[in-house]
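Participant: Chain residues, written in single-letter form:
2 protein chains.
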Amino acid sequence: MTGNAIIGQAGGPTAVINQSLVGIVEALATRQRVGRILGMRHGVQGLTAGQIVDLTDLPADQLNAVADSPSAALGSTRDKPDEAYCQRIVQACQKNEIKYFFYIGGNDSSDTCRIVNELAKASGSDMRCFHVPKTVDNDLPINDHTPGFGSAARFVATACMADSRDNASIPGIKVNVVMGRSAGFLTAASALARQNENDGPHLIYLPEVAFDEDRFVQDVAQTYDRLGRCQIAVSEGIQDASGVAIAAKLIKGDTDAHGNVQLSGSGALGDLLSGLLKDRLTTAGSKPPRVRADTFGYLQRCWPDASPVDQSEAREAGRFAAGLALEGHADGSVALIRTSTPGPSESYQVECQRIELSEVAAKTKHMSDAFILGYNDVSRAFVDYCRPLVGELPTLATLS
Amino acid sequence: MTGNAIIGQAGGPTAVINQSLVGIVEALATRQRVGRILGMRHGVQGLTAGQIVDLTDLPADQLNAVADSPSAALGSTRDKPDEAYCQRIVQACQKNEIKYFFYIGGNDSSDTCRIVNELAKASGSDMRCFHVPKTVDNDLPINDHTPGFGSAARFVATACMADSRDNASIPGIKVNVVMGRSAGFLTAASALARQNENDGPHLIYLPEVAFDEDRFVQDVAQTYDRLGRCQIAVSEGIQDASGVAIAAKLIKGDTDAHGNVQLSGSGALGDLLSGLLKDRLTTAGSKPPRVRADTFGYLQRCWPDASPVDQSEAREAGRFAAGLALEGHADGSVALIRTSTPGPSESYQVECQRIELSEVAAKTKHMSDAFILGYNDVSRAFVDYCRPLVGELPTLATLS
Numbered sequence: 032m033t034g035n036a037i038i039g040q041a042g043g044p045t046a047v048i049n050q051s052l053v054g055i056v057e058a059l060a061t062r063q064r065v066g067r068i069l070g071m072r073h074g075v076q077g078l079t080a081g082q083i084v085d086l087t088d089l090p091a092d093q094l095n096a097v098a099d100s101p102s103a104a105l106g107s108t109r110d111k112p113d114e115a116y117c118q119r120i121v122q123a124c125q126k127n128e129i130k131y132f133f134y135i136g137g138n139d140s141s142d143t144c145r146i147v148n149e150l151a152k153a154s155g156s157d158m159r160c161f162h163v164p165k166t167v168d169n170d171l172p173i174n175d176h177t178p179g180f181g182s183a184a185r186f187v188a189t190a191c192m193a194d195s196r197d198n199a200s201i202p203g204i205k206v207n208v209v210m211g212r213s214a215g216f217l218t219a220a221s222a223l224a225r226q227n228e229n230d231g232p233h234l235i236y237l238p239e240v241a242f243d244e245d246r247f248v249q250d251v252a253q254t255y256d257r258l259g260r261c262q263i264a265v266s267e268g269i270q271d272a273s274g275v276a277i278a279a280k281l282i283k284g285d286t287d288a289h290g291n292v293q294l295s296g297s298g299a300l301g302d303l304l305s306g307l308l309k310d311r312l313t314t315a316g317s318k319p320p321r322v323r324a325d326t327f328g329y330l331q332r333c334w335p336d337a338s339p340v341d342q343s344e345a346r347e348a349g350r351f352a353a354g355l356a357l358e359g360h361a362d363g364s365v366a367l368i369r370t371s372t373p374g375p376s377e378s379y380q381v382e383c384q385r386i387e388l389s390e391v392a393a394k395t396k397h398m399s400d401a402f403i404l405g406y407n408d409v410s411r412a413f414v415d416y417c418r419p420l421v422g423e424l425p426t427l428a429t430l431s
Numbered sequence: 032m033t034g035n036a037i038i039g040q041a042g043g044p045t046a047v048i049n050q051s052l053v054g055i056v057e058a059l060a061t062r063q064r065v066g067r068i069l070g071m072r073h074g075v076q077g078l079t080a081g082q083i084v085d086l087t088d089l090p091a092d093q094l095n096a097v098a099d100s101p102s103a104a105l106g107s108t109r110d111k112p113d114e115a116y117c118q119r120i121v122q123a124c125q126k127n128e129i130k131y132f133f134y135i136g137g138n139d140s141s142d143t144c145r146i147v148n149e150l151a152k153a154s155g156s157d158m159r160c161f162h163v164p165k166t167v168d169n170d171l172p173i174n175d176h177t178p179g180f181g182s183a184a185r186f187v188a189t190a191c192m193a194d195s196r197d198n199a200s201i202p203g204i205k206v207n208v209v210m211g212r213s214a215g216f217l218t219a220a221s222a223l224a225r226q227n228e229n230d231g232p233h234l235i236y237l238p239e240v241a242f243d244e245d246r247f248v249q250d251v252a253q254t255y256d257r258l259g260r261c262q263i264a265v266s267e268g269i270q271d272a273s274g275v276a277i278a279a280k281l282i283k284g285d286t287d288a289h290g291n292v293q294l295s296g297s298g299a300l301g302d303l304l305s306g307l308l309k310d311r312l313t314t315a316g317s318k319p320p321r322v323r324a325d326t327f328g329y330l331q332r333c334w335p336d337a338s339p340v341d342q343s344e345a346r347e348a349g350r351f352a353a354g355l356a357l358e359g360h361a362d363g364s365v366a367l368i369r370t371s372t373p374g375p376s377e378s379y380q381v382e383c384q385r386i387e388l389s390e391v392a393a394k395t396k397h398m399s400d401a402f403i404l405g406y407n408d409v410s411r412a413f414v415d416y417c418r419p420l421v422g423e424l425p426t427l428a429t430l431s
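In the order they appear, the protein sequences are chains S and V.
Using my numbering, the letters of the first sequence correspond one by one to residues 32 to 431.
Using my numbering, the letters of the second sequence correspond one by one to residues 32 to 431.
Do not take every clue at face value.
Where chains are identical, the list cannot tell them apart; a pair therefore holds if satisfied intra-copy or between any two copies.
Here are the simulated lysine-lysine pairs, DSBU-like style, with alpha carbons at most 30 Å apart [claimed, not checked]:
| hint | residue 1 | residue 2 |
| --- | --- | --- |
| 1 | Lys280 | Lys309 |
| 2 | Lys111 | Lys309 |
| 3 | Lys130 | Lys309 |
| 4 | Lys394 | Lys318 |
| 5 | Lys280 | Lys126 |
| 6 | Lys318 | Lys280 |
| 7 | Lys111 | Lys318 |
| 8 | Lys111 | Lys280 |
Source of the hints: derived by calculation from the structure; they are not laboratory data.
Please work from the sequences and hints to get the whole structure.
Facilitator: Structure below.
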């Protein structure tokens, strides 16, 4: 039976989410039994509103240019559909004679895909539903890592590397706030910035390790005493021992459709930590130390210098999902599985595998204990894990 | 007479300030009558404390690697010496038998250089004092533009370009805060991000144009109504009609040695504007619009992907200053003067000229009226002026 295919992108965009889109399109385009290849504008939000674009006849050079561009070319959505919404999705698919349904996204998007799949099957449809992984947070289970993470990690490592030189040239205390609501992988990637002894970041704070203000101030004071400067990488999602986000204590603002407090798109956490350090590290009669905070913000997920490894893996994940659908699988998600042992980047190998939607849907992976070193650092094992994913980083020279 | 040379770097570092350092070193190294080539650790702060390094015998490959690395390799300083401090500088120079004094920096650094020069001459010294321009703010007079600006402008344009795609994929209002205390050039460079109709930034706010909150809210509302989204570039230095910095109204914190309020290294202005828009654009009974703010921060001046044009001009400015000293000039500053008319980048030409220290010392250039369009944009003339300085920017593709 011939049928149409439809592809959607959801959640926070990445620098390589369009690679996966194009991977699906190009793999489908080789098969005659696929009818039209359609795209949802802004994911299921556009699909249910009839906002659909036809991708079937796009020339290869345009597809390649889109693949190389950051952000979701189809538009994305933060809608988290309930069952009634998912019913409307299934109806929209029937109306458009969709046989192949692809949804590129993270935890929540895989859950949407799972519900749509179940409802479609229950209604007697033979629509095949596939999830393609995407998230800069790197928090999808089973996956060794997730498309989008490597490029964001590349940005964070490069930023901390350059900022550490800046911090060395005008010494002071510098707080850099990194994305990641509940998983610390992206903040941990800042460790790749270290090229020489005493390079920053000197302290790394992850959501997985309970954040204690007193210990934080003490850590910073010790580094500042030793080096005359201190560069800190801190996750936007750091939590206290009872699991309350430090940022949530001070930000009254937005919650998203999932009830989460807005963490990104604000400098509040950095400014809070900066103020804390100024207050606590000023001794009587002396000037406060120079403390600055930067929040890396949305550039982490859209900076147009993606990791080449991440680009090719995201493309392959899309192709692989299309292959599963065309080979007759009824549903599933794609997982990136590392097949090499940790070690030099040259020996790094990875493959795509099919996993069940239920294995990834709405689940979150955290940094393992083996990746965490004490209260304020990551382990060598994490660095070995992360290094092959980011591509070649710049080398910054010093006079000494 | 043979004498030693000494070089210092001062003020906020840039991505190419080491090009100027290496330009001076390599030009001096060709001449036998120069003795040792020394470097001040952290500018005049290190010089007066006896913290000096010898650069004479560094191999060319290390010099080239340092030139290509962002941030001040010698270390920088924010010290703004008074006359007594400058006397100590002159004494330190005499102690080290300095005949050639080079100081790479912005407005304040050129003023230090001017005072040192005057005191040295008054004391009967024949020390030759030269200033080499550097500032991401691009606010030195006489100069067509300043080394460091092109690379920072490249970062800002690239960031706004990628962030505009992000903003299009999850529509909302996005405020991006750009460096620049009193000159808007760097914020204005965000206009280079526009590749297609409706690309951001849709609104640009400069320190040179009095900022009015009501008009700002109205501008944003109009764009948001028209496009369903709005990306804004705003200078950290925006001021009200009476010249008071908007950020100063809310930031109690630090002032620097020059009595300036700390603008960079805080997300406060972005969060203030974000909160203002949320409050004022929420209509009764409806959810507030999605408003996010990023403050680009220190990455603007240290991101390790410098503009190639900026790199070569910064190198040449250093070489030229060394040449002036060796040719027998007693003092001066280097100015970059454009010799081509505005137009395509291919015909762009620039040359170095000697100017008097007094012409640049402690003076500030602002955006000319011809570069400003209305209350919230820059002119085509500015884009033509700026484009050759940033190198080739990425091209981001869309599906439409």
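Participant: Next, verify each hint and record whether it holds.
Facilitator: Structure-based check of all given hints:
1. For the identical chains of this complex, Lys280 and Lys309 are neighbours both inside a copy (19 Å) and across copies (20 Å), given an alpha-carbon limit of 30 Å.
2. Taking the closest pair of Cα atoms, Lys111 and Lys309 come within 30 Å of each other only across two copies (23 Å); inside a single copy the shortest separation is 41 Å, beyond that limit.
3. Proximity of Lys130 to Lys309 under the C-alpha cut-off of 30 Å is found in neither arrangement, the shortest distances being 60 Å within a copy and 42 Å between copies.
4. When the C-alpha separation of Lys394 and Lys318 is checked against a cutoff of 30 Å, the pair qualifies only between copies, where the shortest distance is 29 Å, while the shortest distance within a copy is 48 Å.
5. In this assembly of identical chains, Lys280 and Lys126 lie within 30 Å of each other by CA distance neither inside one copy nor across copies; the values are 47 Å within and 56 Å between.
6. In the homo-oligomer, the alpha carbons of Lys318 and Lys280 lie at most 30 Å apart both inside one protomer (28 Å) and across protomers (22 Å), since each shortest distance falls under that limit.
7. Taking the closest pair of Cα atoms, Lys111 and Lys318 come within 30 Å of each other only across two copies (17 Å); inside a single copy the shortest separation is 50 Å, beyond that limit.
8. When the C-alpha separation of Lys111 and Lys280 is checked against a cutoff of 30 Å, the pair qualifies only within one copy, where the shortest distance is 25 Å, while the shortest distance between copies is 40 Å.
Consistency with the previously given hints fails for numbers 3, 5, ordered from lowest to highest.
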